[in-house]
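Residue numbers (this note's numbering), protein chains in the order written: chain A, 161 to 385; chain B, 12 to 418.
Everything labelled a hint here was simulated from the structure, so no lab data went into it. Values in this document were obtained by computation on a predicted structure and should not be read as measured data. One thing to keep in mind: the hints can contain errors.
[Claimed, not checked] Here's a subset of chain B near chain A, in silico, CB distances under 10 Å, partners left out: (1) Leu20; (2) Phe33; (3) Tyr100; (4) Glu177; (5) Tyr224; (6) Phe288; (7) Lys291; (8) Val335; (9) Ser354; (10) Val355.
Even for Gly, the Cβ is constructed at its ideal location relative to N, Cα and C.
Spelled out, the chains give:
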Amino acid sequence: MEINKKKYILVFLITAGIFAVAFIVSNYINNKRYEVIKTTADKISIDILSLETQFELFQESSCASLTNPVLSDEINALADRLSYAENQRGINDDDVITLKKYYSLLEIKDYLVMKKVDKRCDVNPISILYFYTNDEGCDDCAKQGYVLTKLRNDHPLLRIYSFDYDLDLNAIKTLTAINKIPKDQLPALVIDGKTYTKFQSIEDIRKIVPELSATSTASTTKIQK
Amino acid sequence: MALYSSIVLYIALFFGLYYQIFLLVTFFEKEEEKKAPKNTYEPSVTIIVPCFNEAKTVAKTVQSLLKLNYPKEKLFITIVDDGSSDTTYEEARKMSHLGNITVLQQKNSGKYVALNKGIELSQSEIVGCLDADSTVHPDTLRKMLPYFSRDRVVAVTPAMKVHNPETILQKIQNAEYNIGIFLKKIMGKLDAIHVTPGPFSLFKKTIFDEIGYFRHAHNTEDMEIAFRIQHHHYKIANCPQGFVYTITPPTLKKLYKQRVRWTYGFLKNAMDYRHMFFNKKYGNIGTLTLPFAIISVVTAFLVIGNSIYNFSSSVVENIEEYMVAGVTFGWPSFDIFFLNTSSVTLLTFTMLCSSLSIILLAWKMVEGKARITKDIFYFILLYGFIAPLWLAKASWNAVTSKAVSWR
């Protein structure tokens with residue numbers, strides 16, 4: 161009835177080794193993911209800069225020559241990856257927070273540039289600013305996310321810019337101050353300069369933006385919260 | 012809360028992986044002292060066949076014993092009818108002239124009483140039992156007996172196979188029994204067997220005189236006697252080549268009832284012999300078999316609880332999405348970026364690979380070829396869904412001390 165202590169220790173070491181490898185590999189892949197997100201964000205940043213430059217040059221050219229390289233799909237893809245990273249690493253992860261700030265700034269940039277383009281060329285893009293919070297108190301934030309995802313899937317040209325209200329970023333604070341959005345009224349939407357607080361159903365939004373009543377189908381990517 | 016559940020999940024994964032690696036290391040370890048026993052030991056043997064309402068199967072069981080490749084003058088069969096309400100006794104009597112067969116009848120008092128009656132009357136050196144729903148291969152007895160020549164071995168267990176698996180449930184059990192043969196072999200190597208199953212376990216008759224006869228033991232007398240043997244520092248060997256075929260429950264209801272009894276019996280006996288847990292004095296059964304058997308029940312609950320929670324959250328989320336946004340059509344797109352590579356997923360995957368290796372090694376050992384069969388497929392796909400049924404019920408009964416019945 162003797163036990164082989166050496167075997168118990170050996171198996172412990174093998175198991176601990178497997179755990180260590182799993183942690184190292186998982187961490188390595190997560191870092192790679194962070195790099196991928198960062199590279200995508202950098203690319204979008206260059207695209208926005210390019211658009212702005214084109215816009216400046218536009219003074220001497222026609223609307224037809226102004227192309228929009230910042231495709232909403234690209235920003236949407238970034239949003240999905242960021243959302244995944246947030247789920248994997250947690251909402252308090254420093255890298256995730258930095259990336260979210262970067263992403264939010266890119267969204268604001270894209271929004272402003274598109275407004276300028278619209279003013280000059282009358283392209284009339286449909287844009288929705290969406291403010292949410294990850295706090296547990298906001299049950300409707302998740303529901304609002306489903307509604308916006310559905311609308312964007314039906315209308316690929318709809319540009320939805322989502323912002324985490326709690327992100328410590330002055331640009332977001334300015335946006336919420338300009339649009340007069342208090343935290344206890346979340347989720348909130350800003351459509352065509354007007355603020356709509358609390359949950360808005362698909363029908364509510366379609367009433368606000370009649371262009372969204374016509375349906376079309378496209379890819380499925382999710383909107384944060 | 013999330014932090015605690017993560018820690019608990021990691022601990023469960025660690026123990027699960029530790030146990031599987033321990034089994035694999037033991038399997039591949041060279042056996043030094045335990046060489047294959049010689050085939051010359053020919054003691055007198057009594058096989059007791061306890062029956063209760065087994066008129067349909069008792070003849071087949073006894074026929075298989077009569078076909079055993081063993082000197083007839085050294086083989087005795089005692090059929091004990093435990094107060095059956097059908098024609099079991101008459102069926103048994105019909106065979107009494109075929110060999111050294113004794114047929115006894117008692118008022119319905121339980122299987123352990125029937126076994127004890129047979130042991131008491133036996134004059135043989137070795138006594139065994141064979142449930143009346145099982146049959147034995149002609150060479151099994153000859154293959155098992157030499158194991159008694161090993162130091163302190165007082166009981167030998169066979170390799171149990173499913174007789175003619177037909178239903179999906181029986182195929183699942185076939186996979187389970189084949190894996191069981193592999194695991195029993197390893198446990199035998201570790202001297203850590205905790206059950207001497209009803210179908211054809213053999214015992215030295217003297218061990219009953221020394222440690223006592225079978226007890227009620229929460230309707231799992233075959234488990235309790237193994238605990239008691241281990242408690243007295245004797246050994247139980249396993250003969251992986253000695254095949255016994257047993258009829259397994261064909262329906263979920265019958266399987267559920269059987270497994271609730273087994274699991275309840277294990278938990279209650281484990282409680283009765285709790286002093287053996289983590290006690291080096293009792294060897295690997297104290298430090299490996301018993302603690303890990305309990306851990307596996309707890310782990311099963313954690314994993315199942317976690318899965319149910321995740322599944323219901325996802326259902327609630329989908330219903331919520333459907334309520335506010337309707338059905339969203341579109342093909343799901345695959346992006347390697349979203350491949351789940353969290354440490355929990357990687358460790359779970361490692362554990363699944365290790366489980367699959369154990370299953371394939373078991374298949375190679377029992378069936379001669381390592382391959383994924385239908386039985387293994389059903390086992391992997393469905394066992395995780397049905398086992399929780401009896402685990403939950405048996406644990407509840409054990410906690411509330413609600414006894415379970417045999418039938």
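### Message
Would the hint on serine 354 of chain B be counted as holding, given a Cβ-Cβ threshold of 10 Å to chain A?
### Response
holds, 4 Å
### Restraint check, 10 Å cut-off on beta carbons, for glutamate 177 of chain B near chain A
Since the shortest Cβ distance to chain A is 39 Å, the answer is violated.
### Message
Min Cβ distance, tyrosine 100 of chain B to chain A: is it shorter than 10 Å?
### Response
violated, 43 Å
### Task
Double-check leucine 20 of chain B for me: the hint is only fine if its C-beta lies closer than 10 Å to a C-beta in chain A.
violated, 12 Å
### Task
Could you check if valine 355 of chain B really has its C-beta closer than 10 Å to a C-beta on chain A?
holds, 9 Å
### Task
For the hint on lysine 291 of chain B, just tell me whether its beta-carbon gets within less than 10 Å of chain A.
holds, 6 Å
### Task
Would you check whether tyrosine 224 of chain B satisfies its interface hint, that is, whether its CB is within less than 10 Å of any CB in chain A?
violated, 23 Å
### Message
Quick check on the hint: valine 335 of chain B CB to chain A CB, less than 10 Å?
### Response
holds, 5 Å
### Restraint check, 10 Å cut-off on beta carbons, for phenylalanine 33 of chain B near chain A
Holds: closest Cβ of chain A sits about 5 Å from phenylalanine 33 of chain B, inside 10 Å.
### Task
Under 10 Å, Cβ to Cβ, is where phenylalanine 288 of chain B needs to be relative to chain A, so tell me if that hint holds or is violated.
At 14 Å from the nearest chain A Cβ, phenylalanine 288 of chain B fails the 10 Å test, so the hint is violated.
In the structure shown, a violation is registered for the earlier hints numbered 1, 3, 4, 5 and 6, in ascending order.
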